[in-house]
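Visitor: Listed here are the chains, written in short residue letters.
2 protein chains.
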Amino acid sequence: MQGFPPPEERIIRFTDDDYFAGDKLKWTVCHFRELMPTAGVRAGTEGARDLPYALDPSIDEVTFQPTGGSEAMTWEEAFDVNHTDGLLVLHRGRVVYERYAGCLDETTLHGVMSVTKSITGLIGETLVAEGTLDEQAQVGELVPELADSAFGDATLRQVLEMTTALDYSEDYADPEADVWTYARAGSPLPPPPDYEGPRSYFAFLETVEKAGEHGEAFGYRTINSDALGWIISRATGQRRRRLAGRAGLVATRCRAGSLLHSGLNRHPFAGGGFNATLRDLGRLGQLILDEGRLDGEQVLPADAIARIRQGGDRAAFAKAGFSGLDGWSYRGMWWVSHDNHGAFAARGVHGQTIWIDPTAEMVIVRLASHPVAANAANDPTSLPAYRALADYLMDQEQ
Amino acid sequence: MQGFPPPEERIIRFTDDDYFAGDKLKWTVCHFRELMPTAGVRAGTEGARDLPYALDPSIDEVTFQPTGGSEAMTWEEAFDVNHTDGLLVLHRGRVVYERYAGCLDETTLHGVMSVTKSITGLIGETLVAEGTLDEQAQVGELVPELADSAFGDATLRQVLEMTTALDYSEDYADPEADVWTYARAGSPLPPPPDYEGPRSYFAFLETVEKAGEHGEAFGYRTINSDALGWIISRATGQRRRRLAGRAGLVATRCRAGSLLHSGLNRHPFAGGGFNATLRDLGRLGQLILDEGRLDGEQVLPADAIARIRQGGDRAAFAKAGFSGLDGWSYRGMWWVSHDNHGAFAARGVHGQTIWIDPTAEMVIVRLASHPVAANAANDPTSLPAYRALADYLMDQEQ
Numbered sequence: 005m006q007g008f009p010p011p012e013e014r015i016i017r018f019t020d021d022d023y024f025a026g027d028k029l030k031w032t033v034c035h036f037r038e039l040m041p042t043a044g045v046r047a048g049t050e051g052a053r054d055l056p057y058a059l060d061p062s063i064d065e066v067t068f069q070p071t072g073g074s075e076a077m078t079w080e081e082a083f084d085v086n087h088t089d090g091l092l093v094l095h096r097g098r099v100v101y102e103r104y105a106g107c108l109d110e111t112t113l114h115g116v117m118s119v120t121k122s123i124t125g126l127i128g129e130t131l132v133a134e135g136t137l138d139e140q141a142q143v144g145e146l147v148p149e150l151a152d153s154a155f156g157d158a159t160l161r162q163v164l165e166m167t168t169a170l171d172y173s174e175d176y177a178d179p180e181a182d183v184w185t186y187a188r189a190g191s192p193l194p195p196p197p198d199y200e201g202p203r204s205y206f207a208f209l210e211t212v213e214k215a216g217e218h219g220e221a222f223g224y225r226t227i228n229s230d231a232l233g234w235i236i237s238r239a240t241g242q243r244r245r246r247l248a249g250r251a252g253l254v255a256t257r258c259r260a261g262s263l264l265h266s267g268l269n270r271h272p273f274a275g276g277g278f279n280a281t282l283r284d285l286g287r288l289g290q291l292i293l294d295e296g297r298l299d300g301e302q303v304l305p306a307d308a309i310a311r312i313r314q315g316g317d318r319a320a321f322a323k324a325g326f327s328g329l330d331g332w333s334y335r336g337m338w339w340v341s342h343d344n345h346g347a348f349a350a351r352g353v354h355g356q357t358i359w360i361d362p363t364a365e366m367v368i369v370r371l372a373s374h375p376v377a378a379n380a381a382n383d384p385t386s387l388p389a390y391r392a393l394a395d396y397l398m399d400q401e402q
Numbered sequence: 005m006q007g008f009p010p011p012e013e014r015i016i017r018f019t020d021d022d023y024f025a026g027d028k029l030k031w032t033v034c035h036f037r038e039l040m041p042t043a044g045v046r047a048g049t050e051g052a053r054d055l056p057y058a059l060d061p062s063i064d065e066v067t068f069q070p071t072g073g074s075e076a077m078t079w080e081e082a083f084d085v086n087h088t089d090g091l092l093v094l095h096r097g098r099v100v101y102e103r104y105a106g107c108l109d110e111t112t113l114h115g116v117m118s119v120t121k122s123i124t125g126l127i128g129e130t131l132v133a134e135g136t137l138d139e140q141a142q143v144g145e146l147v148p149e150l151a152d153s154a155f156g157d158a159t160l161r162q163v164l165e166m167t168t169a170l171d172y173s174e175d176y177a178d179p180e181a182d183v184w185t186y187a188r189a190g191s192p193l194p195p196p197p198d199y200e201g202p203r204s205y206f207a208f209l210e211t212v213e214k215a216g217e218h219g220e221a222f223g224y225r226t227i228n229s230d231a232l233g234w235i236i237s238r239a240t241g242q243r244r245r246r247l248a249g250r251a252g253l254v255a256t257r258c259r260a261g262s263l264l265h266s267g268l269n270r271h272p273f274a275g276g277g278f279n280a281t282l283r284d285l286g287r288l289g290q291l292i293l294d295e296g297r298l299d300g301e302q303v304l305p306a307d308a309i310a311r312i313r314q315g316g317d318r319a320a321f322a323k324a325g326f327s328g329l330d331g332w333s334y335r336g337m338w339w340v341s342h343d344n345h346g347a348f349a350a351r352g353v354h355g356q357t358i359w360i361d362p363t364a365e366m367v368i369v370r371l372a373s374h375p376v377a378a379n380a381a382n383d384p385t386s387l388p389a390y391r392a393l394a395d396y397l398m399d400q401e402q
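Residue numbers (our numbering), protein chains in the order written: chain A, 5 to 402; chain B, 5 to 402.
Derived from the structure by calculation, the hints contain no laboratory data.
Note that the Cβ used here is the ideal one computed from N, Cα and C, for glycine as well.
Fair warning: there could be bad hints in the mix.
Claimed, not checked - Here are the computed distance ranges between Cβ atoms for each label pair:
no., chain 1, residue 1, chain 2, residue 2, range
1, B, GLU80, A, ASP22, 16 to 26 Å
2, A, LEU193, B, GLY346, 40 to 50 Å
3, A, SER173, B, ILE15, 44 to 54 Å
4, B, GLY346, A, PRO56, 44 to 54 Å
5, A, ASP171, B, ASP20, 28 to 38 Å
6, B, GLU220, A, GLY26, 46 to 56 Å
As the list claims (entries may be wrong) - Non-contacting residues of chain B with respect to chain A, defined by C-beta distances greater than 12 Å in every case (computed):
no., residue
7, ASP22
8, GLU38
9, ASP138
10, ASP175
11, TYR176
12, GLU180
13, SER191
14, GLU365
15, THR385
Please take these sequences and the hints and turn them into a complete structure.
Guide: Below you can see the structure in the form of structure tokens.
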């Protein structure tokens, strides 16, 4: 065994510019904790709640028509095409499909990227449903430090639907985009010698200026999720790490997870920092499909989930011009398809997904390391596959 | 709740020079993971094995005579004097004392500092006892990359007893000491622009030069533990993270732990990086006291523990001049007192201790944040207290 230590050219460091690109991406998605500071997400001292199994090997043969493509494709072929690291399907609460590849196995935590937003949003909707937070309250009332920022006169509901009007660019392809200033603010690495900007995500949020009017257009901006994280912390006196329990992660007795650092000790990155196992995300998805009930107990308020499922402003959503998501909306930081199955999803770059189809009683969790960040690259070989599987599973019931 | 985010002067960052000093130390000992990269130590999917309890509140009244002091002190008083964060005592396998303070509670991982060396050493002695490693083999044979370094012609036994002759200073008070060069090599932070030195602990180890003859004197140098870690990895094909299971951490069904990064992905810091809960360290201590048996199963070879307990070369140890440890020795990276109880210990800076007294059938685990790094500062109010408690517990049996 001469494999350790690896040769210099095979070493991956957080300080490398390309740690989350190319071949390194495929390692990094499973190893965030080994690259940067994290906070643990506790799952209590009990072991994980076992998932019931009823595996169906025929699923690999399910065929679907990729969007815009002429050749039909099988479920199995799509696994590789989408650079999948892990894929779990629950039908009526039982695991019918489970497969791993790349860096992932059943106990490995994988970065879920912006699926984190949906967990933060679920907590936000829970607090609204319980009456702890008023969705019509202005952010400046909830967090006085944000009163003079663009968030100040936005409502909590606008934050939850990302219809805030912010002078902030999240175009990752533009090196001058605000998202990079934001990344520098939250970095745990030392700032450049002449750096005088904000030293945490929270300090950055206070500097964001308004551009236009709130409530008119959907704009997918991560800083809304971190503003929501701050609102939640202030309203409850708890940090998000504990609040993960509220999102059912403890209630479903997950193994555990981890959350990336926000640039401030003890406060993880609500917009994209969560890491979890495939099965734990399946447990969470099932809890949501079951309208918050677990073993007869109402762990999350059903109304919080109903609020998400009803969807947001479709006209406002359309203005953002998301390719392939015509007719969709965004609500409580979940993507709502408004299809005739009422399917809705948590989505993160490079192919991370929790797909919940209430009509088919199906939950799909996919963790992936697609080389293209935007999900527009994998949606054509994913969304029709999910629907084909839903139809297959519903046929099986008959 | 205006406590979050904290004001700038209360923020602790890994990039601060003083993150492990002064008041910050008391927070940092419980939050290493939130400051720097770590690797998880898995404990399997089962819950933790419950420890049986038989708490004895009278222990707080046990009195002892501090070394060199005139005033007697109670066990309870010593708790505060030693800046204790957590203190657990097992007697005949049952918890008779448990107390937390500061940043610690029963589920929090605390940095154990050089207690990590003893866990690495226990794995090394296990591999020797099982015949996987020959203690008389030269390090250069075991890890060819180290053949031209000072370690090359040292035996594994000399590494395990830290009687290697290394041109390496570990005087933390000297800013020019080699230990700081070593720290820079393993740092996950970006190197200075003009830095051309080693970029991992392992690359550093290859550069260490010899000073004197191996086997003549004990020299407490962390790099021996990291060399041992490398030897273990090479011999077994496993990284230390999995090997923690071999040290009984999995077998005793601990919650979990974490290990700091070594500057190389996937390879944690064997010389001081482990973090664990107080109870998990108690489980480990009890497993060692029980000569490697757990529930009738021989989890660790009894011979590995016997090798540690027999102690090392006391004359070689004496040459290092450790104040207050006259007559002690160091073996398998454990501190052996050679007292008439046969007590031996794992020890880490700022007061971390696993103290095992086979005669009293007692295990003490203490986690602490004493402002003075060297244990010479707390030994006078610790070592006599341990003995007094052993005597008290033995009296109770009669």
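Visitor: It remains to establish, for every hint, whether it holds in the given structure.
Guide: Hint check:
As the Cβ distance of GLU80 (chain B) to ASP22 (chain A) is approximately 55 Å, the hint placing it in 16 to 26 Å is violated. Checked against the given bound of 40 to 50 Å, the beta carbons of LEU193 (chain A) and GLY346 (chain B), roughly 48 Å apart, stay inside it. Evaluation of the 44 to 54 Å hint for SER173 (chain A) and ILE15 (chain B) yields a failure: the beta carbon distance comes to about 28 Å. In this structure the hint that GLY346 (chain B) and PRO56 (chain A) lie 44 to 54 Å apart at CB holds, the actual value being about 52 Å.
With their beta carbons about 32 Å apart, ASP171 (chain A) and ASP20 (chain B) fall inside the hinted range of 28 to 38 Å. In this structure, GLU220 (chain B) and GLY26 (chain A) meet the distance hint of 46 to 56 Å, their C-beta atoms being roughly 51 Å apart. In this structure ASP22 (chain B) is separated from chain A by more than 12 Å, as the shortest Cβ-Cβ distance comes to about 14 Å. The claim that GLU38 (chain B) is not at the interface with chain A is violated, since a C-beta of that chain comes within 12 Å of its own (minimum 5 Å).
Distance to chain A confirms ASP138 (chain B) as a non-interface residue, since its nearest Cβ pair spans about 17 Å, more than 12 Å. Against chain A, the non-interface label of ASP175 (chain B) holds: every CB pair exceeds 12 Å, the least being about 26 Å. Every CB of chain A lies more than 12 Å from the CB of TYR176 (chain B), the least distance being 22 Å, so the non-interface label holds. No beta-carbon of chain A comes within 12 Å of the beta-carbon of GLU180 (chain B); the shortest separation is about 22 Å.
With 12 Å as the threshold on Cβ separation, the claim that SER191 (chain B) sits away from chain A is violated: the shortest Cβ distance comes to roughly 10 Å. The claim that GLU365 (chain B) lies off the interface holds: its Cβ sits roughly 27 Å from the closest Cβ of chain A, which is beyond the 12 Å cut-off. A cut-off of 12 Å between C-beta atoms confirms that THR385 (chain B) is not in contact with chain A; the least separation is 31 Å.
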